[in-house]
Amino acid sequence: MKFGIIVFPGTWSERDCYYSLHDVLGQEVDYLWHKESHFATDYDCIVLPGGFSYGDYLRVGAIARFSPVMKAVENFAHDGGLVIGICNGFQVLCEAGLLPGVLLPSNHLQYRCQWVDLRVENNSLPFTLKCHARQLLKIPISHYEGNYYIDEAGLEELESQRQVVFRYAMPSGDITIEANPNGSLHNIAGIVNNHGNVLGMMPHPERACEGLLGSSDGNFIWESIIEHI
Amino acid sequence: MSISKEDLDKVALSQREYELILQELGREPTDVELGMLGSLWSEHCGYKHSSPLLKLLPSKGKHVLVSPGEENAGVVDIGDGLAIVFKVESHNHPSAVEPYQGAATGVGGIVRDIFTMGARPIALLNSLRFGPLTEPRNRYLFNGIIGGIAGYGNCLGIPNIGGEVIFANCYSGNPLVNALCLGIARKTELVSSGASGEGNLLMLVGSDTGRDGIYGASGLASRTLGGDQELRPTVQVGNPFLEKLLIEACLELAQTDWIVGMQDLGAAGLTSSVVESAEKANMGVEIDVLKVPRREENMTPYEVMLSESQERMLVIVRKGNEDKVKTLLEKWDLRCDIIGRVTSDHLAVVKEGHAVVAQLPVNFLTSPPMYRRRSKRPPWLDQVQLLDLVSIPDVSSRQCNSVLLRLLAAPNIASKQMVYRQYDHQVMNNTVVPPGDDAAVLRIKGSGKGIAMTMDGNGRYCYLDPYLGGVISVVETARNLACTGAEPLAVTDCLNFGDPDKDDVYYQLSDSIRGIARACRELKVPVVSGNVSLYNEVQDQSIYPTPVIGMAGMITDVTKHCTMSFKDEGDLVFLLGDMIGDGLGGSEYLELIHGLVRGRPAIDLNLERRVQRSCVEAIQRGLVKSAHDCSDGGLIVTVAESCISGGIGFRGTRWRLKERRDSMLFGEFQSCILVSISPDLTPKLEKVVKRWRVPLAYLGEVGGSRLVVKGYVNLSLDNVEEKWRHGMADLLATKSSIDRTEE
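Sequences listed follow chains E and W, in order. Here the first sequence is numbered in the numbering used here, starting from 64 and rising by one per residue. Here the second sequence is numbered in the numbering used here, starting from 20 and rising by one per residue.
It is possible that part of the hints are untrue.
Said to hold, decoys possible - Here are the simulated lysine to any residue pairs, SDA-like style, with alpha carbons at most 25 Å apart:
{"#": "1", "chain 1": "E", "residue 1": "98", "chain 2": "W", "residue 2": "404"}
{"#": "2", "chain 1": "W", "residue 1": "468", "chain 2": "E", "residue 2": "276"}
{"#": "3", "chain 1": "W", "residue 1": "350", "chain 2": "E", "residue 2": "276"}
{"#": "4", "chain 1": "W", "residue 1": "521", "chain 2": "W", "residue 2": "636"}
{"#": "5", "chain 1": "E", "residue 1": "98", "chain 2": "W", "residue 2": "209"}
{"#": "6", "chain 1": "W", "residue 1": "206", "chain 2": "E", "residue 2": "99"}
{"#": "7", "chain 1": "W", "residue 1": "586", "chain 2": "E", "residue 2": "118"}
{"#": "8", "chain 1": "W", "residue 1": "464", "chain 2": "E", "residue 2": "170"}
{"#": "9", "chain 1": "W", "residue 1": "343", "chain 2": "E", "residue 2": "276"}
{"#": "10", "chain 1": "W", "residue 1": "579", "chain 2": "W", "residue 2": "275"}
{"#": "11", "chain 1": "W", "residue 1": "464", "chain 2": "W", "residue 2": "209"}
{"#": "12", "chain 1": "W", "residue 1": "345", "chain 2": "E", "residue 2": "118"}
{"#": "13", "chain 1": "W", "residue 1": "79", "chain 2": "W", "residue 2": "579"}
{"#": "14", "chain 1": "W", "residue 1": "543", "chain 2": "W", "residue 2": "586"}
Treat the hints as calculated values from the structure; they're not laboratory data.
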């Protein structure tokens, strides 16, 4: 199976995604430069990694969405291809309209890098089929703008269509204000589009692929994708 | 000699230095020449006070590939064809003037020093000192500096894996911001900074040049703060996104043979960059300031040569390869311009079009006069070193609980999680031990090895005894590494002191360096790079002499690393080492509880080495489950920290280690490490320590949910953790309403 990792100027998680997918999980991986407007080869999954695309100077993800490569990502998603946006990648997908909602600055106005527990809310997706229902995944966050927001109608639709994939949870599995690291609505950490083939999540699964680094729970997500294809 | 004192002051040159210049040139210097000389002869670039003293530091070792001064940073061989490159740099004064940008550009500068050499930056650390957070100005500096470090470093995608945050009155208004960057490179891909090869081209890459940061090196870094001058324009504004592009582009360039060298633009901007790269290659350079792209109109040659605009690199391109280099840089949307060439006449020539505006011998520019003074011991030292314990009442058994809780909540001991969680400490997927432990540990992908890294300094000890303080700052850093199981590889040092023209300060500087040198020799660890920051004073009040040591160590098998957390119920806890002296001199306890900064620390270097060796051996052989350096707050604080981070309690016996309770519980002894071990392995540990002739004292066992030392301390772990975890936040929260008026 073949992954393509998009690289914008200012992206910095591409190497971590590459290492985890290629060196840890033994997958084929290519980097895709943001100036390419179409993919030269067929990919099974496109990854939009974390970082500060274009410095995130105007608004997170706002400039990246106009990159030539985003046209290709859009087409790929419309054809049903699997797309996963992590952190800045999630922000770019929202800006590009591939996912609903927006990511605001954290309610405490600070950057946060820490481990969180994610509760799997929908395990029938290509991204989560190796997880059991309500499984907790220990995966780190590292962001300033991760405070997911959407209008009331949109939120209702997300919930009713089971598009919320991950929520920040206590180690007990409870969803509480205390477990929420950034103020996101309904403790949302990750969502899918209504076709279920585009996932955006703030936590970094590529940082949780080896026990030596503190957790290998990220592999539940990667291995789900691999099994699905 | 028609120059006014005012004009000389502007470039920080003395009358005597000006006369030297006249003598050498046989004419009056042009204003551009004077500006160039002032910058390069400043303390910041020229090390004119510290250079003779720095020669005392051992810089050679079997793993050392590049020693201090040879290139932008020191280089150490770590095997497998790889080398680590690391250096620390201060940005104290810019951060005092404009905390966010001052600290941010400090990070930017040290990162450039590393990737300039062809090494990928893989870790940042920083050592910070502030005045008490009870003062609004200090809270403003604290929030701004940490925000700047986070804002810049996070955007670059380089993990910030640790350091220290310390508070003392003397840093009010003159905070210390020492940033360290560690990089890794294939030995074959290291890049020199030398401008070699006549006719090769000097290419300026990155940001346009503006009027920011002029006089940064001479005016801001080489003088004391104070007066009513508006200094903010001397601080630059950082653009981390551009720096990230420079990192990637320059590392791609480093893998080609299109370039002969790279040199970043830091203090004194284009001046130091072109002159130093010419000096390294023993060549000359000629540049035309009209070719330098500008951000502002009507800039003079003087301004162009001294601007400290950030995110600029000088690339020395092998002639004929300029188009290839340009294409590579354009891929990263980076601007580049050829501004000059390498010559063979050993002159630095600056032109504006056809007009020559400066022409000076390179080696004259890089050879400032050296100032060697006689070191005179300050008479007040005897007085502050005197500590009469008879006049200080011991703590009663009943007071031990409350004193411990006060210490745990004190800003110098309380958890710094609220600081380091603002830094991305995981990006790059190497962080095995994150910030908060004795030292951070990174794995080196593909090698099975680990690098442990930490920074440490103790200004209070150095104030009380500069020599012993210097010794201890080195051995304590090494001890922190030993607690992870790492063998020390090399040191980078940041020497923060006051005005060296004062006898007291010069004594502190020279004695601290002597102490550092002595300890480095004892531990056989070379100093491979460093930085000197002088003139750290406000209104004539000097900071504590504060040498900060950054040290890297090697863990041969990273899976065998150790942490400070207690692990399992029933494990036995021992004190490895010996409590020499009373441990109260210069201790956190003495200042916090008795309001005294007095006495002096004690150290037996030979014992210290044996303690560290035995600890590393015990870890490498898989004997101990945790190891934690005993330092600030004393033995009981050390035990509490191992409990908190392990989430498990401790049941201590009735300790009889010292006669005085305060000394035993809260005294700060060198050469002491707290270890925990599974009971069945204890005989093996006893054998190891016996061979190293190191004492081992039984303290109790891991378990339960309380922290207990029979007869003295009995507290619930929740209570202990609450105080330690919220100490910093509580301090900031209670004062936040005042801050708004400050900003």
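Checked hints:
With a C-alpha separation of about 66 Å, the suggested pairing of residue 98 of chain E with residue 404 of chain W is violated against the 25 Å cut-off. Between the alpha carbons of residue 468 of chain W and residue 276 of chain E the distance comes to roughly 14 Å, so the proposed pair stays at or under 25 Å and holds. Restraint check for residue 350 of chain W and residue 276 of chain E: the C-alpha separation of about 34 Å exceeds 25 Å, so the hint is violated. With a C-alpha separation of about 45 Å, the suggested pairing of residue 521 of chain W with residue 636 of chain W is violated against the 25 Å cut-off.
For the suggested pair residue 98 of chain E and residue 209 of chain W, the alpha carbons sit about 30 Å apart, so the restraint of at most 25 Å is broken. With a C-alpha separation of about 33 Å, the suggested pairing of residue 206 of chain W with residue 99 of chain E is violated against the 25 Å cut-off. Restraint check for residue 586 of chain W and residue 118 of chain E: not satisfied, since their Cα atoms lie roughly 42 Å apart, outside the 25 Å limit. Annotation: proposed proximity of residue 464 of chain W to residue 170 of chain E is violated, straight-line Cα distance about 36 Å (limit 25 Å).
Pair hint residue 343 of chain W plus residue 276 of chain E does not hold up; C-alpha atoms about 40 Å apart against a cutoff of 25 Å. Taken as a hint, the residue 579 of chain W and residue 275 of chain W pair is broken in the structure, with Cα atoms around 38 Å apart against an allowance of 25 Å. Simply put, residue 464 of chain W and residue 209 of chain W have alpha-carbon atoms about 19 Å apart, close enough for the 25 Å limit, and the pair holds. In summary, the hint linking residue 345 of chain W to residue 118 of chain E is supported, as the alpha carbons are separated by about 22 Å, within the 25 Å threshold.
At roughly 29 Å between alpha-carbon atoms, residue 79 of chain W and residue 579 of chain W are farther apart than 25 Å, so this suggested pair is violated. A hinted pair counts as satisfied when its Cα atoms are at most 25 Å apart, and residue 543 of chain W with residue 586 of chain W does not qualify at roughly 33 Å.
Hint compliance for this structure: hints 1, 3, 4, 5, 6, 7, 8, 9, 10, 13, 14 are broken, all remaining hints hold.
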